[in-house]
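Participant: Chain by chain, the residues run as shown.
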Amino acid sequence: MTDQYRLEDVGKIYSGRQVALGGVDLLVRRGEKVALIGPSGAGKTTLFRLLNLTIRPTSGKLLLDGADVVDLHGKRLRDARRKIGTIYQQHNLVPRLKVVHNVLCGRLGQWSTARSLWSLARPEEVDAAYHALKQVGIQEKIFSRTDELSGGQQQRVAIARVLLQNPEVVLADEPVSSVDPALASSIVKLLIDISENTHKTLLVNLHSVDLALEFFPRIVGMRSGTTLFDLRPDQVTEDLLEDLYAGDQAEGESVDMKDEEPSPPILQ
Amino acid sequence: MKSPARPYFNSEQKSLFPYLFTALFLFALVDSWRRVGVDLPLLFERQGRENLFKFITGMFPPEHSAQFLSLMLRPAMETIQISVLGTLIAIAIGFPIGLLGTRNFSVGGILNEADTSGAPGRYALRFSIYCAARGLLSLFRSIPEFVWAFMFVRAVGLGPFPGVLAIGVAYGGMLGKVYSEIFEAVNARPLEALQSTGANKLQIFFYGWLPQVLPNFVSYTLYRWECAVRASAVLGLVGAGGLGQQIEISMRMFNFNEILTILIILFVMVAAVDVLSSKIRALL
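Just so you know, the protein sequences line up as chains A and B, in that order. Reading the first sequence from the start, the letters are residues 2 to 269 in the working numbering. Reading the second sequence from the start, the letters are residues 135 to 418 in the working numbering.
Just chain A, same shape as in the assembly (with noise of 0.2 angstroms):
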């Protein structure tokens, strides 16, 4: 068993209209490190939301290990779910939190909610958290409150989280789209680093598709809930990605407007 997700001809429509994804069909391996481009609206976000657990399928099949996700509720879903680590696009940080609660949020899953209480009055498995920190290169805010921090910081912590829940699995929806150009670079290095040092599958969403080419063995072009192509970086023309983006506004000016999607009506 070495597939890690199997998607067939998965659709989700929200609230019985919006149509976000219509029929992809997606084949993620173990270990392997794919980077999903894409025009705003494609559909990653939500693919992503998918592939994490947090919302189902309205048709098709989308197979975790093997497995049917349908008939995960209750403990097995809560302990799927461990074993897949977000990274979201506005890092989603509990701001009034100090940064090693953030950080230990990691480790929910397998704490008991006794022992997660309790670490809200003395954190548990502090070294563990300076330690995420360290890798990420912030452990002197280890103690700072997370509102505090500027958007990269908050970023990193997002990342220390991940490390802390020590998953099988890395997704990243846009981790970079709130950085400067020379940090993104090295955020996107720092998670393939992590990827490939301890195994983990990686998927990652970003709207820079040089970082996408220059980094990663596997690009998936994504426009209007479809998958267009997927192909190694080699094999991704000039004319594939005006096809990609065609309509889409210049690349570089969009940026502002990307960052907040429009939330789906399932956050209300």
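Derived by calculation from the structure, the hints in this document are not laboratory data. Computed from a predicted model, the values in this text were never measured in an experiment.
Straight-line C-alpha distance at most 20 angstroms; calculated DMTMM-like pairs for lysine to aspartate or glutamate:
1) Lys99/A with Glu126/A
2) Lys34/A with Glu197/A
3) Lys335/B with Glu247/B
4) Lys84/A with Asp249/B
5) Lys311/B with Glu360/B
6) Lys62/A with Glu247/B
7) Lys99/A with Asp128/A
8) Lys84/A with Glu33/A
9) Lys335/B with Asp249/B
10) Lys190/A with Glu169/A
11) Lys76/A with Asp249/B
12) Lys84/A with Asp66/A
13) Lys76/A with Glu247/B
14) Lys62/A with Asp10/A
15) Lys62/A with Asp249/B
16) Lys335/B with Glu315/B
17) Lys84/A with Asp69/A
18) Lys335/B with Asp80/A
Some chain B residues flagged as far from chain A (calculated, every beta-carbon gap over 12 angstroms):
19) Ala267
20) Asp408
21) Ile414
So the derived label-pair ranges between C-beta atoms look like this:
22) Gln136/A with Pro230/B: 37 to 47 angstroms
23) Asp194/A with Ala406/B: 52 to 62 angstroms
24) Pro278/B with Arg77/A: 39 to 49 angstroms
25) His200/A with Tyr357/B: 49 to 59 angstroms
26) Arg123/A with Pro230/B: 22 to 32 angstroms
27) Gly255/B with Gln19/A: 22 to 32 angstroms
28) Ser151/A with Asp408/B: 35 to 45 angstroms
Every residue, glycine too, gets a C-beta built ideally from N, C-alpha and C.
With chain A fixed as given, assemble chain B onto it according to the hints.
Facilitator: This is chain B only, laid out in the frame that chain A set:
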């Protein structure tokens, strides 16, 4: 020729709703005025004027003999104690039930979508827990604390204890309702991230939910405590102890100057609670 597109403001789409609403509002205003029997001149007729005058002049000077003041010390303390205990009970009732009555915690939204999809049994269970919690909170707060106090006086006898219970139950309903509204307005994105690590609902609540809403949560609870101080004074009128009982006695003896003293004491207490709450809020 191109005319500027204004799709939302053309006359075909103009809705009748604002007119209907205005008409309904005016009707409600006029009809209520008539039926409730608002008769302002009545307030200034001879009889009314004289009674009002008697009541107000009777209040001055407020009773300030050392004997009366020392007599009020215990009831004043009692009022504070009723309000504190009552609010604590209200939190104990309102917090868990309010949490279960929070829609995006119990049934809907991103935290339940995957867990209940394809599992109608799970959904039905969660939905009924949610409805039961909402219903219970409505019941608790739709009965006025005055009536609760009356019932508890019957059950456990006169004194401050029925007052504590009445405030606990009635305010539990109010706190629970507002707590659930505060919880529902939370930013769901951090919760989604917590859930994706495999955390359970309670862990998500204590790590993601509570830290985000804590300032609102505390300040509303403190505000309710302030209201409870006032309410516990009123509850004394039905025999539930505290300053209210003293107001009742003085009323009956037409000692309006004593009433003014008690009202001043009450005012000072409410103001003190207000100062204390703002000190606590500033710490957050």
